[in-house]
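Protein chains in written order, with the working numbering: chain H, 25 to 225; chain D, 25 to 225; chain Y, 25 to 225; chain C, 25 to 225.
Calculated from the structure, these hints are not laboratory results.
Treat each hint with caution, since some may be false.
Since the list gives no way to pick one copy over another, a pair counts as held whenever it fits inside one copy or between any two copies.
Stated by the list, open to error - Below are the SDA-like pairs computed for lysine to any residue, each with C-alpha atoms no more than 20 Å apart in a straight line:
1) Lys177 x Val163
2) Lys68 x Tyr126
3) Lys135 x Leu28
4) Lys35 x Ile71
5) Lys200 x Gly70
6) Lys43 x Glu143
7) Lys157 x Asp61
8) Lys146 x Ala74
There are 4 protein chains.
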Amino acid sequence: MIDLLKHELAKTIRIYNSKGWSPATSTNYSFKLAPEDKDIHISKSGIDKANFTSEDFMEVDENGNPINFSIHLKPSAETGIHCQIYKLFPSTTCILHSHSVYPVLWSLEHKELVFEGFEIQKGFEGVMSHQEKVVIPVVENSQDMAFFENWMKENGEKINFHCFVIKGHGTYAWGKNFFEAKRHLETLDYLCELKWKSNKA
Amino acid sequence: MIDLLKHELAKTIRIYNSKGWSPATSTNYSFKLAPEDKDIHISKSGIDKANFTSEDFMEVDENGNPINFSIHLKPSAETGIHCQIYKLFPSTTCILHSHSVYPVLWSLEHKELVFEGFEIQKGFEGVMSHQEKVVIPVVENSQDMAFFENWMKENGEKINFHCFVIKGHGTYAWGKNFFEAKRHLETLDYLCELKWKSNKA
Amino acid sequence: MIDLLKHELAKTIRIYNSKGWSPATSTNYSFKLAPEDKDIHISKSGIDKANFTSEDFMEVDENGNPINFSIHLKPSAETGIHCQIYKLFPSTTCILHSHSVYPVLWSLEHKELVFEGFEIQKGFEGVMSHQEKVVIPVVENSQDMAFFENWMKENGEKINFHCFVIKGHGTYAWGKNFFEAKRHLETLDYLCELKWKSNKA
Amino acid sequence: MIDLLKHELAKTIRIYNSKGWSPATSTNYSFKLAPEDKDIHISKSGIDKANFTSEDFMEVDENGNPINFSIHLKPSAETGIHCQIYKLFPSTTCILHSHSVYPVLWSLEHKELVFEGFEIQKGFEGVMSHQEKVVIPVVENSQDMAFFENWMKENGEKINFHCFVIKGHGTYAWGKNFFEAKRHLETLDYLCELKWKSNKA
Numbered sequence: 025m026i027d028l029l030k031h032e033l034a035k036t037i038r039i040y041n042s043k044g045w046s047p048a049t050s051t052n053y054s055f056k057l058a059p060e061d062k063d064i065h066i067s068k069s070g071i072d073k074a075n076f077t078s079e080d081f082m083e084v085d086e087n088g089n090p091i092n093f094s095i096h097l098k099p100s101a102e103t104g105i106h107c108q109i110y111k112l113f114p115s116t117t118c119i120l121h122s123h124s125v126y127p128v129l130w131s132l133e134h135k136e137l138v139f140e141g142f143e144i145q146k147g148f149e150g151v152m153s154h155q156e157k158v159v160i161p162v163v164e165n166s167q168d169m170a171f172f173e174n175w176m177k178e179n180g181e182k183i184n185f186h187c188f189v190i191k192g193h194g195t196y197a198w199g200k201n202f203f204e205a206k207r208h209l210e211t212l213d214y215l216c217e218l219k220w221k222s223n224k225a
Numbered sequence: 025m026i027d028l029l030k031h032e033l034a035k036t037i038r039i040y041n042s043k044g045w046s047p048a049t050s051t052n053y054s055f056k057l058a059p060e061d062k063d064i065h066i067s068k069s070g071i072d073k074a075n076f077t078s079e080d081f082m083e084v085d086e087n088g089n090p091i092n093f094s095i096h097l098k099p100s101a102e103t104g105i106h107c108q109i110y111k112l113f114p115s116t117t118c119i120l121h122s123h124s125v126y127p128v129l130w131s132l133e134h135k136e137l138v139f140e141g142f143e144i145q146k147g148f149e150g151v152m153s154h155q156e157k158v159v160i161p162v163v164e165n166s167q168d169m170a171f172f173e174n175w176m177k178e179n180g181e182k183i184n185f186h187c188f189v190i191k192g193h194g195t196y197a198w199g200k201n202f203f204e205a206k207r208h209l210e211t212l213d214y215l216c217e218l219k220w221k222s223n224k225a
Numbered sequence: 025m026i027d028l029l030k031h032e033l034a035k036t037i038r039i040y041n042s043k044g045w046s047p048a049t050s051t052n053y054s055f056k057l058a059p060e061d062k063d064i065h066i067s068k069s070g071i072d073k074a075n076f077t078s079e080d081f082m083e084v085d086e087n088g089n090p091i092n093f094s095i096h097l098k099p100s101a102e103t104g105i106h107c108q109i110y111k112l113f114p115s116t117t118c119i120l121h122s123h124s125v126y127p128v129l130w131s132l133e134h135k136e137l138v139f140e141g142f143e144i145q146k147g148f149e150g151v152m153s154h155q156e157k158v159v160i161p162v163v164e165n166s167q168d169m170a171f172f173e174n175w176m177k178e179n180g181e182k183i184n185f186h187c188f189v190i191k192g193h194g195t196y197a198w199g200k201n202f203f204e205a206k207r208h209l210e211t212l213d214y215l216c217e218l219k220w221k222s223n224k225a
Numbered sequence: 025m026i027d028l029l030k031h032e033l034a035k036t037i038r039i040y041n042s043k044g045w046s047p048a049t050s051t052n053y054s055f056k057l058a059p060e061d062k063d064i065h066i067s068k069s070g071i072d073k074a075n076f077t078s079e080d081f082m083e084v085d086e087n088g089n090p091i092n093f094s095i096h097l098k099p100s101a102e103t104g105i106h107c108q109i110y111k112l113f114p115s116t117t118c119i120l121h122s123h124s125v126y127p128v129l130w131s132l133e134h135k136e137l138v139f140e141g142f143e144i145q146k147g148f149e150g151v152m153s154h155q156e157k158v159v160i161p162v163v164e165n166s167q168d169m170a171f172f173e174n175w176m177k178e179n180g181e182k183i184n185f186h187c188f189v190i191k192g193h194g195t196y197a198w199g200k201n202f203f204e205a206k207r208h209l210e211t212l213d214y215l216c217e218l219k220w221k222s223n224k225a
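Put together the whole structure using the sequences plus the hints.
Here it is, written out as structure tokens:
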């Protein structure tokens with residue numbers, strides 16, 4: 025099962041790259057085999073996402089320390105964000121990070137992204153109608169992973185739709201499985217494209 | 025023949041997904057083997073359209089009730105719209121639903137979409153010249169399928185080009201076969217892109 | 025050689041379709057085996073360009089009349105335009121027609137498309153520098169093929185870059201072989217995208 | 025190893041073509057097997073980038089003169105730019121040239137492209153934070169290769185991020201290997217898209 029999951033995830037990572045969501049080596053991805061697991065499978069640092077394969081995951085513990093450490097293997101520089109998401113949202117087993125441009129464009133101008141009246145909002149788990157108001161938080165960018173960990177700890181109650189956006193950087197989206205994480209990421213991207221073109225073009 | 029049709033339709037569904045017309049599990053599709061048939065083959069609920077295959081159709085009757093019911097199988101939540109289209113436009117054997125962004129963008133601002141002077145209008149069955157005026161109705165969105173069924177019943181004479189758009193949601197297009205339904209959907213999408221960029225960009 | 029050419033041309037037709045340049049059955053394509061040949065191989069009418077194959081060409085004579093006529097075979101409705109191009113520009117052996125949106129967008133507002141200062145202008149045969157001025161004519165749309173034939177006859181001296189655009193419709197581009205026709209079509213499309221985004225976005 | 029490199033580079037060239045970065049025969053690419061090598065492998069002139077293969081490289085010396093000269097083989101018309109980059113930046117072993125539209129659009133209006141506050145800036149070798157200021161020079165276009173060689177010689181200290189843009193023409197990006205050159209090219213393209221849409225749309 026782990027082989028199939030790695031295969032499916034790697035395929036989606038390559039497709040996202042072909043859409044322009046992860047130029048060159050940027051972005052990162054992780055999964056756990058079960059919510060209660062400590063071990064996290066996360067994308068290695070520095071892999072070109074156009075060629076990402078099943079072999080390009082490595083294992084880290086719940087604090088992001090490599091298991092079976094090798095000097096040749098480095099987990100993604102943003103591993104700390106993944107670890108914190110798994111801690112704060114314990115049903116999570118998959119996290120996807122994207123640099124797709126529309127969420128980034130919105131993040132440059134807004135502290136939060138607000139959507140109302142779009143059918144596709146129902147792509148977020150728990151949203152039952154296009155009439156509900158969906159608010160996605162935007163956090164400042166930082167090179168310090170502890171900054172994001174603290175922000176999440178302090179703002180957990182604002183993160184209600186399984187995703188957030190880092191200003192001028194990109195989107196984190198997650199779910200109780202790969203399938204749901206993918207739906208959350210694609211839903212946010214589509215909403216941002218629609219609203220950006222609607223307001224701006 | 026049904027196997028070939030399912031195969032061709034599934035291929036097109038995956039291609040539309042790669043164009044960004046159906047993020048994650050959104051959108052739905054159906055066909056009948058003949059116009060006089062009661063049975064409808066419709067996409068199962070909750071299937072990621074990036075991976076949609078021939079196996080992801082199920083059968084419902086003319087009222088949308090599953091045939092050979094199984095608790096594991098649910099037809100698309102919008103099955104009622106499909107059933108009503110088959111009833112009101114009896115030569116129809118294929119219905120496609122898309123979330124492609126340009127029709128949705130237009131739907132946010134207009135009660136109907138008007139096209140005149142574009143060669144590609146001739147992609148709608150019965151249109152003979154770019155000089156004819158093509159008017160595509162826009163309907164409010166709703167979570168209540170009966171709302172759409174009533175709207176169609178009451179506005180059938182306004183639906184002259186084998187498609188309509190739901191506000192903030194997406195496009196329904198149909199035809200006497202898959203080939204024609206596809207042409208109607210792609211024609212509307214292209215016209216909306218052209219006119220949106222022309223008026224707005 | 026004819027099989028290879030049909031194969032390559034069909035592949036490019038499918039690629040152009042995937043770019044959105046030929047929604048559903050729209051657009052048409054032709055070639056001759058040698059400039060002095062009378063016979064023209066042209067795309068059949070009504071073929072979906074997503075699935076266009078080597079088999080989807082048929083033969084017509086220099087006036088567009090089907091050779092080996094069958095009631096099941098109809099050449100493209102715009103065959104007359106192809107015939108006229110072959111007559112007026114006798115070194116031509118390949119003609120491509122596209123509905124890509126940027127030339128169409130420009131055609132809605134301009135009687136001719138003027139480019140100056142872009143490196144890629146050198147993609148037009150005979151242009152040696154980005155500093156030359158390239159002028160592409162725009163013609164009104166019509167359902168009457170004779171209208172285009174007359175326009176070309178009367179305006180041949182304005183058609184200096186192996187292509188023209190029909191208002192609200194699309195581009196015709198040609199060359200002494202498929203390779204050159206492709207270069208002319210893609211060069212115009214790129215220039216129109218660049219200039220549209222530059223002036224408008 | 026040279027076969028694998030040619031294969032990988034050719035694959036990326038075809039992918040860039042499919043993204044619209046190199047219409048028809050435009051753009052050019054080169055590599056060396058080691059920084060100290062004199063021989064340069066460069067794309068032949070006039071190859072359609074949709075069909076570029078491993079066979080479409082040829083060897084030139086450090087001054088751009090063909091090795092094993094054949095009248096049928098011509099290196100890219102811009103070979104002089106490649107030679108000069110290898111001379112001025114001696115750790116370089118791979119150079120990529122692109123006509124992707126966003127850098128070209130910026131080049132029409134600016135003497136240099138300035139980026140600040142975007143995470144992806146870290147895709148440029150040596151940039152450690154999104155807060156650093158990245159300045160990419162823009163040079164006038166010319167048909168005279170000596171013009172570019174002189175410009176580079178005189179402005180080497182302004183070329184700090186392994187790339188520059190030629191006005192109305194395209195991007196040159198390079199690196200100590202193919203992998204790094206690709207990262208630099210894609211990073212600049214993404215930044216230009218983001219900033220163009222942000223400022224303009």
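Practice item. Compare the structure with the hints numbered earlier in the document and write down the numbers of the violated ones, lowest to highest. Key: Per hint list: 2, 3 and 7 violated.
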